[in-house]
Every structure is written in structure tokens, then in C-alpha cells.
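Construct the entire structure; sequences and hints are all you get.
For the record, the sequence lines run as chains A and B.
First residue of the first sequence? That's 2 in the working numbering, and the numbers climb one at a time after it.
First residue of the second sequence? That's 5 in the working numbering, and the numbers climb one at a time after it.
These aren't lab readings, by the way, just hints derived from the structure by calculation.
Possibly wrong hints are sitting among the right ones.
Chain A stretches covered by chain B per the calculated footprint, using a threshold of three residues with CB under 8 Å from any CB of chain B [stated by the list, open to error]:
(1) 7-21
(2) 187-193
35 Å max Cα-Cα, derived DSBU-like pairs, lysine-lysine [to be verified]:
(3) B:Lys262 to A:Lys95
(4) B:Lys210 to A:Lys95
(5) B:Lys336 to B:Lys77
(6) B:Lys94 to B:Lys32
(7) B:Lys318 to B:Lys210
(8) B:Lys210 to B:Lys262
Far from chain A, some chain B residues (derived; all Cβ distances over 10 Å) [as the list claims (entries may be wrong)]:
(9) Pro57
(10) Pro58
(11) Asp107
(12) Asp151
(13) Val152
(14) Asp156
(15) Arg215
(16) Arg223
(17) Tyr227
(18) Val333
(19) Leu334
(20) Val356
(21) Ser359
Note that this is a predicted model, so its numbers are computed, not measured.
We put the CB at the ideal spot given by N, CA and C, even for glycine.
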Amino acid sequence: MRIAVVTAGLTQPSSTRLLGDRLAAAVRDISAGRATDAEVTTVDLRDHAHDLTNHLLTGFGSAALRDVIDAVVGADAVIAVTPTFSASYSGLFKMFFDVLEDRALAGKPVLIAATGGTERHSLVLEYALRPLFAYLQAVVVPTGVYAATSDWGAGAGGLHERISRAAGELVTLLGAGTATPPPDPYDDPTPFEQLLSS
Amino acid sequence: MQFGIFTVGDVTPDPTTGRAPTEAERIKAMVAIALKAEEVGLDVFATGEHHNPPFVPSSPTTMLGYIAARTSKLILSTATTLITTNDPVKIAEDFAMLQHLADGRVDLMMGRGNTGPVYPWFGQDIRDGIPLAIENYALLRRLWREDVVDWDGRFRTPLQGFTSTPRPLDGVPPFVWHGSIRSPEIAEQAAYYGDGFFANHIFWPKEHFERLISFYRRRFEHYGHGAADQAIVGLGGQVFMRRDSQDAVNEFRPYFDKAPVYGHGPSLEEFTAETPLTIGSPQQVIEKTLTFRETFGDYQRQLFLVDHAGLPLKTVLEQLDLLGEIVPVLRKELDALRPAHVPDAPTHASLVARSNELEGSTR
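Written out as C-alpha cells, the structure reads:
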């Protein structure tokens, strides 16, 4: 089973990337010993920022970006992590989901997560990320994971617990096998007589 | 194999001088480019159709009629004729008239147009783009093939006992191509009727169009018009040449960097690696163009875009001189590679011959 982590962290090291890594590790641990082990691909959007801009301007992505998009769209589940910028996901994070084809994530299990300087932004998951993925027709696990700067310090038990809970929900969802690929108009075309009469 | 040029007809400032041509200058430049195309031995000139600035060609048959009078061999075509927002009755009349004036040197390419605001100016809605293309074209075909048409459709006023005049030259409608960037429905339409399919090709990676064209070929065969490799395929291309490839790159770069569509985006090097755009020596253009056949199979028509991004007329005419040099090489190479069962693009003469054959066989 393939898990794609999409992280929009900008610094190196990045707490956003760290949160993505922790979530992926938790998913791997929980799914270990099941039918198939989790195989994780991590996409640092920072590496593709120029290509994403070019994609918006020209309507197509570079070969490198196309590979990344294929890896995410082809994954069995996606872990999406963004820093909180100006009370929402970052522009870079949104750009990636803006260039995906319609219905590319339909039915896909997604775990949403965000980082921020203060706990006061934690609802960004509920009012920004969750509606975005609802619009994309993804299946978002009930627990979103928000990590403020303070969560990384002493008493990080709360964060651990949220990571485990969300990862468990994602693995359960994967077992349910909800993802249905969108119909392919090239492999299964609408016959012309039908187009003509509709 | 047919070679030619297609033009968008944009009025774009020359980024090296900041000066934009007037509409009059641009329109006359398009004509000069078409005449030059015939002079250097190209087969086809195709003009775009647009109804919004910064584009000038809103009235393609007016322009093509003028060019027809000043040429003798060039095939006059469009890239594209808006089948969604034009009245199919007017398309039938305009292009039949052009056919007579040009002694049959006419074909046309249907397109939908991707500019939302244009549709309501002509009483339509872009969300109906595909149904409009399908219904309007079905009517257009009947208007050209039946002397008296009764029609009742979703988009147009009904017709009772209507005859579109003039009737097509020699009773044979112009050959039709369908252009599409991303709609399998349009490839399906082209395949259903056994019409040509044109993939604009430029601006995007070839993988994208590979899928569309192989789909069209497969469906062409499905509908019984011949084998998949006998389907009628046209491709776009975009080139800038100088004898020395570095001169070509240096001269074109300021135009590339500010061009409509891809300007301010990827570098010239990235874009030429990913798309058919070729900047370099005539030999490099020959080599790159030959790869199109490897990707898409034997095809019938190659159109180049040479006059956009604010390039001055003088430069464009120089490009045409160079195209005139490389086209005989490409023609020879591609004709030698093409198996005998793969047809040429239909022309008025070939369609008349086929129609006589069919008539003979039913007698």
C-alpha cells in the first residue's frame, strides 16, 4: 500500500515536514504486519515551487512535477501537511492541489495536518483544509492533526496521541477500500450516437 | 504530406521595441505571410478566428477570399472556425462561397473556442461547448449534403425547406478537420464522421496529445473508415530558425520571455525540451519535426506557427524562406517512410474523384 506525504514546509529543517514524517511513521507502524506494508513517498513542495508556477502559467507541468503528481494521485492514501499562513493553508500548498485534474483525489483517503506558531490557529484544519478536500471529493479522516510550536516541547503527549489516532483512522479507512478511480473517457468513451442524441 | 502555417492573428507589441502593429498593419502582414507561404512552396495557410482584442481575424472568409484571389496553389484553411458561436448556416454559406472563388482550394478546421465571455456575445453559453459543437456540426453537414433541409434542434431557430446557397463546388463539401486540445468527445466526433483530427500540439508536452490522437485513430477504425493508421491527422509545430542555432536562441529569447501563453513562465530551454517548440538551425528543426512522426505515426498535415509573440513581419518572412528550404527535405523524408496504404490529406480534387467513383459504382 502506497502512502504519499505532501508537505508545504519551507524551511530546512521544517516542522511541517517533521509532522509529515511522524504521521507517515505512525501509519507505517500501525499497518506493519497487515497484508501489505506501507510504502511512503514524501513530496516536499518547496522543491517544485517553480514548476508549480510554470504549470499555472502554461497549463502543464515539467516531467519532474508530472512524476510527483502521478505518485500522489496514484497513492492509496495521502497525508497533506501545510504550515498555517495568514489564517489558512499556504499558497504553495494550494497551488499543488490547484493543478491536479478534476476528481484526481475523488474517494481518496486523506489525513490532514497543519503546523503553526500558536495553538490559536488550530481550527485552520476544520475551516480551511477540510472544506478544500471535501471539495476535491477526498475522504478525510475525522482526526486532523495540528502541531503548534509548543506541541514539540515538553509534554508532547497530546500530539503523539493525535498522531496515533489520525494514523489509525487512515489505516482503517484504507482497509475499507473506498477509493474508486474516476472513469477514463479514453478507455470508456461515450459513443458518438449518444453524444448526438443527448 | 501537406505543410503550411497557422496564425492566431494576435496584435502583440514587439518586446524589443515596445511597438505594437496597428490592426491594419497586422491584417496586411497576415496576408503578406500567406502570399509568402505560397511563394516558398508551402501547401496550406490557416487563420484563426477571434472576436476579442488583441486579435484581428474576426472574419476569416473575407481574408481567405482576398488571399484566394492572389494565390493559385495554396490551400486556404482555418485554425479554427468556431462551430459553437457561429451560425452553422452562415458557415455553410461562407465556406461554399469561398470554395467557388478559390476553385476548391479550401478546407476548414472546427474548434470550440475557449474564451468564456465570447459565447454570450453570440447568444451562447460556454458550458454548452460540446453539445453546441456536436449539434451545429451535424446541421452544417446536412446543409452541405442535402439541397433542402428541415431542421429542428436545441440551439438554433428551426429551418423549414431551407437551401444553403451557393451549393458546394462540384457538389463536394470542403474537407473538415476538428481541432481539440483536451476533449475526447471531439476526437470521437472526428472519428465518427471520418473527418480529420488536428492536435494543436504546441505549448504542451507530446504525451498529452499522444493519448488524444491514438484515441482518434482507434475510434476512426471502430467507425469503419479504415485502419487506425489511415486516419487523417494534423499537427501543429512552432519554430524559429537562423543558420546558426545560437543566433536563433539569442534573437528569439526576448520574444519567448514575454510571449503570450508561456511568457514569464518556464525558461526557453525548459520549454523547448518539453514541447514541440524548436529554436535553432534548419537542421535542428528538421530533426525535431521528424520525431513527431515517431510519436504520432504517419500523418497528413504539419502546420507551423511562425508569426506570434510580436515578431516583426520582416523576421517572419525570413522564417518562411527558411521553411521553404526545409519543407522539401521533410516532405521527401516523410513520404519515403509512409507506407502505401496511408492516404494523403483529402483535397477538393481527391474528394471529387471519390464522389465520381461512388456515383459510378451505384449506377
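### Outcome, coverage of the segment 7-21 of chain A by chain B - at least 3 residues whose beta-carbon is closer than 8 Å to one in that chain
violated (count 0)
### Task
Determine whether the non-interface label on Asp107 (chain B) survives the test: each CB of chain A must be over 10 Å from its CB.
holds, 33 Å
### Query
Taking 10 Å as the cut and beta carbons as the points, is Pro57 (chain B) off the interface with chain A?
holds, 21 Å
### Task
Taking the shortest Cβ-to-Cβ distance between Ser359 (chain B) and chain A, state whether it exceeds 10 Å.
holds, 23 Å
### Reported absence of Val333 (chain B) from the contact zone with chain A (all CB gaps over 10 Å)
Its Cβ never comes within 10 Å of chain A, the nearest being 30 Å, so this holds.
### Task
Confirm or reject the statement that Val356 (chain B) sits farther than 10 Å, beta carbon to beta carbon, from all of chain A.
holds, 27 Å
### Message
At 10 Å, judged by beta carbons, does Leu334 (chain B) keep clear of chain A as stated?
### Response
Correct as stated: the minimum Cβ-Cβ distance to chain A is 26 Å, above 10 Å.
### Task
Sort out whether Lys95 (chain A) lies within 35 Å of Lys262 (chain B), counting only the CA atoms.
Holds, at about 26 Å.
### Task
Would you check chain B against the segment 187-193 of chain A, counting CB to CB pairs closer than 8 Å, and say if three or more residues qualify?
holds (count 5)
### Task
Starting from Lys94 (chain B), check that the Cα of Lys32 (chain B) is at most 35 Å away, please.
Given that 35 Å is the threshold and the Cα spacing comes to 25 Å, the pair holds.
### Query
Minimum Cβ separation between Val152 (chain B) and chain A greater than 10 Å?
holds, 21 Å
### Distance restraint between Lys210 (chain B) and Lys262 (chain B), which requires alpha-carbon spacing of 35 Å or less
holds, 23 Å
Hints 1, 15, 16 and 17, counting from the list given before, are not met by this structure.
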